[in-house]
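Enquirer: Each chain, letter by letter, is given below.
Number of protein chains: 2
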Amino acid sequence: MSGVEIVALTGGVGGAKLALGLQTVLPPGRLACVVNTGDDFVHLGLHISPDLDTVLYTLAGLSDPSQGWGRRDETWTFMGVLGQLGGETWFRLGDGDLALHAERTRRLEIGQTLSAIMRDFRSRLGVASELLPMSDAPVRTMVHTPAATLPFQEYFVRLRAGPAVRGISFAGAADATPAAGVLEALASPALRAILICPSNPYLSIDPILGIPGLKNALRASGAPVVAVSPLIGGQAVKGPTAKIMRELGIEASPRAVALHYGDLLNGLVIDAADRVSADGCGLPVLVTRTLMTSEADKAVLARTTLDFAAGLKSRR
Amino acid sequence: MSGVEIVALTGGVGGAKLALGLQTVLPPGRLACVVNTGDDFVHLGLHISPDLDTVLYTLAGLSDPSQGWGRRDETWTFMGVLGQLGGETWFRLGDGDLALHAERTRRLEIGQTLSAIMRDFRSRLGVASELLPMSDAPVRTMVHTPAATLPFQEYFVRLRAGPAVRGISFAGAADATPAAGVLEALASPALRAILICPSNPYLSIDPILGIPGLKNALRASGAPVVAVSPLIGGQAVKGPTAKIMRELGIEASPRAVALHYGDLLNGLVIDAADRVSADGCGLPVLVTRTLMTSEADKAVLARTTLDFAAGLKSRR
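Chains H and S, in that order, give the protein sequences.
As numbered in the numbering used here, residues 138 to 453 make up the first sequence, in order.
As numbered in the numbering used here, residues 138 to 453 make up the second sequence, in order.
Heads up, some of the hints might be wrong.
To be verified - Far from chain H by the CB rule (all over 10 Å, computed), these chain S residues:
1. GLY205
2. VAL218
3. ARG297
Claimed, not checked - Using C-beta positions, here's what the derived DEER-type ranges look like:
4. H:ALA253 / S:ALA311: 55 to 63 Å
5. H:PRO165 / S:ALA284: 41 to 49 Å
6. S:ALA285 / H:GLY182: 27 to 35 Å
7. S:GLY263 / H:ALA285: 15 to 23 Å
8. S:ALA327 / H:VAL179: 16 to 24 Å
9. H:GLN204 / S:VAL294: 31 to 39 Å
10. H:THR430 / S:PRO165: 54 to 62 Å
11. S:GLY399 / H:ALA253: 29 to 37 Å
Stated by the list, open to error - Here chain S is said to cover these stretches of chain H; the calculated rule only asks that three of the stretch's residues, wherever they fall, bring their Cβ under 8 Å from a Cβ of chain S:
12. 168-178
13. 239-248
14. 256-264
Keep in mind that the hints were calculated from the coordinates and are not lab data.
Here a beta-carbon is modelled for each residue, glycine too, at the ideal position from N, C-alpha and C.
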């Protein structure tokens, strides 16, 4: 683990794109991704880790380029038959994806940790970057809406992020500890920067930062912490980030993202479309193109962000 | 259930062929299949009922014609990925097949009975025949070999029926009762015959006959009981029937099959290739072609067997 130069905190689709860019521009084994597991849930008896799997598939070159989640060259026979037999089909599981969930569930049931399982999976799929769940303990993101408090997937997939969000909490966080490898990566002698990927700050990054000991380890690392804003022109590329910010009474702007991460941040990367709202962030800001459409976009944003971080000092 | 005219006791592939023939020649809803569940097992956390599913797929016109088990137009993405991730692949599960196991497992876990689940499944798949597990209670076929006592699938699939069989037992049988619908079918006022399909007498039919109350219900039905021998020229069409008979010190002949079922039988259907060994069966024997290759073969054997049974009286 001592070779880790960059730690990336990430959620699913948007964060995974930057993680892939980072993996592309770094030598093998120098990137460690710390991934949100607050979205994990048990469905059809299977332990599903949507963000870990999105990052895994993306870094392994196996992700479906059209939807950002799931596997390329996937088949959907299982879902078709399940629907025919009256089963629950609101969470779409491809046939190959299902195998990963089944094998992970089997291993969890015989006592292996999630971090050990993911280490083996990424190794089998030829991924040189570390892929670390934020914790091996269950932490579950709960979304408080006017009508009910919902487990994340109920809110996000079944209800398509429709209900207004009044608050978000992380069940189990108080008793959780960082997964094996997380503190080691943050203490790597080679560490150059910690990047907060352009994932939803409230739903994808806050669960990670809520693991006791994590924020302190970030501060203690001595490495600059740089966030890439998930907003482009006040909107998320994908997902409900801007909608949730409005519902929580927060302006959907880079300034609000900077305020949210507070003194943890040493720098912020924002899109050129948000240039006018960058004033008042109170920390170094890099304005660039953050939209990642092509593989080249991902590598360029990764390189640009790394160069920006290299010019920053940790304020701590 | 009062419309049931024919009850068929059956295991997997061979028995399912005759069941399909019977369904073809009978009006809809007049056939009830009582199916072996001694081969059921839990694999990858899923409840799998190989014989029930083979009969279901066969009667629904969904079975894979090339191998006799599993589904036609199946995909195998799950198995491919599972192998890549180091999972257990000795039991082959197609993607569509898997959906049936997952949905059955979910329903069992919320307290539905196997018979209720299969009734819903066959209804959804448009199967008019009754499809009854022999019992809703777990009965597990155990194969005693020189080295170990093996659960059926370990013996049959993983070890490919290799070890010599010294004995067979049915764990849980003493405490089991016939599944909902089984005794009703055998008491149907319209009942004309009970057929024992050409399945392995020791591994597929004995578990059914071992459910307390089943043999008495057969005898009390007043309908003639006719078995179709699974042997052709002293060999099974598929599977280890003849091998097991030799290992148990039993001659692989129709006579031995007749002796095995004993006074339960009123008639035996054998293949022309076994004509010479038909002497000494001690009951009416019909010699015909029992090999079922085409759909027509299945219907013809079904019709021939029903006609033979119609000419027999129950001895009881």
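Enquirer: If a hint holds in the structure, say so; if it doesn't, say that too.
Expert: Hints and how they fare:
no., hint, verdict
1, GLY205, "holds (19 Å)"
2, VAL218, "violated (4 Å)"
3, ARG297, "holds (23 Å)"
4, H:ALA253 / S:ALA311: 55 to 63 Å, "violated (43 Å)"
5, H:PRO165 / S:ALA284: 41 to 49 Å, "holds (47 Å)"
6, S:ALA285 / H:GLY182: 27 to 35 Å, "holds (29 Å)"
7, S:GLY263 / H:ALA285: 15 to 23 Å, "violated (39 Å)"
8, S:ALA327 / H:VAL179: 16 to 24 Å, "violated (47 Å)"
9, H:GLN204 / S:VAL294: 31 to 39 Å, "holds (36 Å)"
10, H:THR430 / S:PRO165: 54 to 62 Å, "holds (57 Å)"
11, S:GLY399 / H:ALA253: 29 to 37 Å, "violated (56 Å)"
12, 168-178, "violated (count 0)"
13, 239-248, "holds (count 5)"
14, 256-264, "holds (count 4)"
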